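Colleague: All chains should be built: construct the whole structure from the sequences, respecting the hints.
Just so you know, the sequences run in chain order H and E. At position 65 of the first sequence (counting the first as 1) the number is 64 in numbering that gives the first Met the number 0, and the numbers step up by one without a gap. At position 299 of the second sequence (counting the first as 1) the number is 298 in numbering that gives the first Met the number 0, and the numbers step up by one without a gap.
Because the hints were derived from the structure by calculation, they are not lab data. For clarity, every value in this text was computed on a predicted model and none was experimentally measured. Worth double-checking, as some hints may not be accurate.
Stated by the list, open to error - Sample of chain E residues with no beta-carbon within 10 Å of chain H, all distances over it, derived:
no. : residue
1   : A120
2   : S287
3   : A297
Stated by the list, open to error - Pairwise CB distance ranges, derived in the manner of DEER restraints:
no. : chain 1 : residue 1 : chain 2 : residue 2 : range
4   : E       : A18       : H       : G317      : 56 to 62 Å
5   : E       : G240      : H       : G164      : 20 to 26 Å
6   : E       : A14       : H       : R289      : 53 to 59 Å
Glycine included, every Cβ here is placed at the ideal spot set by N, Cα and C.
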Amino acid sequence: MRDFTKSALFWLLAGLALLLGFNLLSDAAFLRITIHDGHLFGVPVDIFTQSSRTMLVALGMTLVIATGGVDLSVGSVVAISGAVCALVLGHGHNLAVTLAAAVGVGLTAGTVNGLLVARWQIQPIVATLILMVAGRGVAQLVSGGQVIIVAHAGFEYLANGFVLGLPVAPLLVAMLFGLTQLFLRRTAAGLFVQAVGDNETASRFAGLAAARVKALTYVFSGACAGLCGVMTAANIRAADANRAGENAELDAIFAVVVGGTALTGGRFSLLGTFLGALLIQTLTTTMYYRGVAPAVAPVPKALLIVAVSLLQSETFRGWLKERAAQLGWRRRTNRANPAPTPP
Amino acid sequence: MKRHLPLIATAAILATLFAAAALSYEGFASARVMVNLFADNAFLGIVAIGMTLVIFSGGIDLSVGAVIGFTSIFTATLVTGRGWHPALVWPLAILGGAALGAAMGTLIHAFRLPAFLITLAGMFLARGTGFWLNTESVGITHPWYAALANFALPLGGPIQVPAAALIFGAVALAGYVIAHHMRFGRTLLAIGGSEQSSVLMGLPVGRAKIAVYTLNGACAGLAGVVATIYTGSGNPSMGVGLELDAIAVVVIGGTILTGGRGHIVGTVLGLLIFGTIQAAILFDGRLSSWWMRIVVGALLLLFILLQRALLRRVQR
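Modeller: If you want it as structure tokens, here you go:
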């Protein structure tokens, strides 16, 4: 139990509970879920649907960060894949081809990133910065600088449809999380990723193909971003090369860090990332619900990042403990008065 | 010679690009275009100089674009809305940027937090606060602004240097002196090379790290002020994505993103490369604006691979 209160999951759940409690106290309708035409409706459903895209990008990002890297290019990949999707659908191809094209875009981008990071040993921030800068230009090149409107029922269903009364997008994402978790924990893959993030040299000496593991996480992250591009375009029924995936990398990194995976790599938690994305979206939705202007919404987000990074920092924890000990020591001496026994 | 190879490569690429543009477009190789390379990119340049120093120390600052947005709307709100005098508002704006930088630097150093995350938080904070002041663009009408907008320092002949370019020149010069002729600059490079060794050498690592983020915050604040002069207005959404351009300019200038190696002159050359591509696309008229990003991305790739190759040779 003590271990649990120390874990990131505990803090995440506590944060979520706190937010929900606050919302329930101020407006009981916040958590109400109604059934319309056999579909679930309500704020909680919206939170899941809204956060599903961040979750998807964050899923790939978690593995990249677990190896000690970071993938800044995901936002641009979302834009390229959305533009490619719109073009492919526009040429009259079916949904399967479109999805394959989108994932293909992501895989290609991920392979480029992976090669730069693993083969040429370029610092991840720099390596993925290249595609982040150039990618949006490529997306605009693909779409001809225009917002391409997409009218395709099946396409739209991916983002806004319902299956058995539940929204499709979060279900798909949750399924992907489940599958990835199964793959990572039932095989040695998860261990490999963690080992590379903990100590790359040591894992290489232990006979692990560290470079390949690293490259593959970038490929996976690219594929996730490619899929997210489909969902983003499907959600607004258009491919907007300029705005699609804007700040996606920041939101995803944020979800991963809030979820308890450290930027330095090593131990990671997919469930944490899932809950982290959920927490951020709940915070955002709460602010909209309270009538806070959308433009001001970044401020509480900023405070949350600082709070979470401080809580995760060993130095800060040590400093806090010292402070607490000092205060407790003083109080005890005041009460008892006799000279304190030195520790 | 070997040490200055990245710088020489940057200069060569700038010369090639400029020559190509001058040959392709009539009137490109004129004094006016060259002055405008500085004037149109003055606030990007000011930010890039500060960013170079931060990157020297192995850090990064993602908040600069948002700080520009915040200080520009802050200045406009006080000057237009409250009728304050610019002479009072400008120092306040610069101080505001410096204060945010100092806070971020302190957090980064004292609690060993990743600069990437903390400056990301700073970015959200500055952008949110800017939009809280005003969500729309606010025009500035003040005699000082009118005077500055029309001001140009004649340099003989047809060459006239506007205020924004002059301010950038001053910042670049100050940056050069700080980076390459002062102890502070050397300390920054040492920290970027190896923080642990710097601590063991007795260098004031903590002070230098906090100071460099403070300085960069002040630069971003100044850039916001220059942006209000350049556009005659303040806008909370100004400078979106500018931090990326600034980092790109620094890297194209031959400074290594892991820190410990680089040159301010490179950053100025990098800015000129950036400006030349932009001006060439504008001159051409047929090329769409997105080619800018693709070319900058390609240049980034080229430089990073070049640095990689150079580093390998040095290590061998």
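Colleague: So which of the earlier hints does this model not fit?
Modeller: 1, 2, 3, 5
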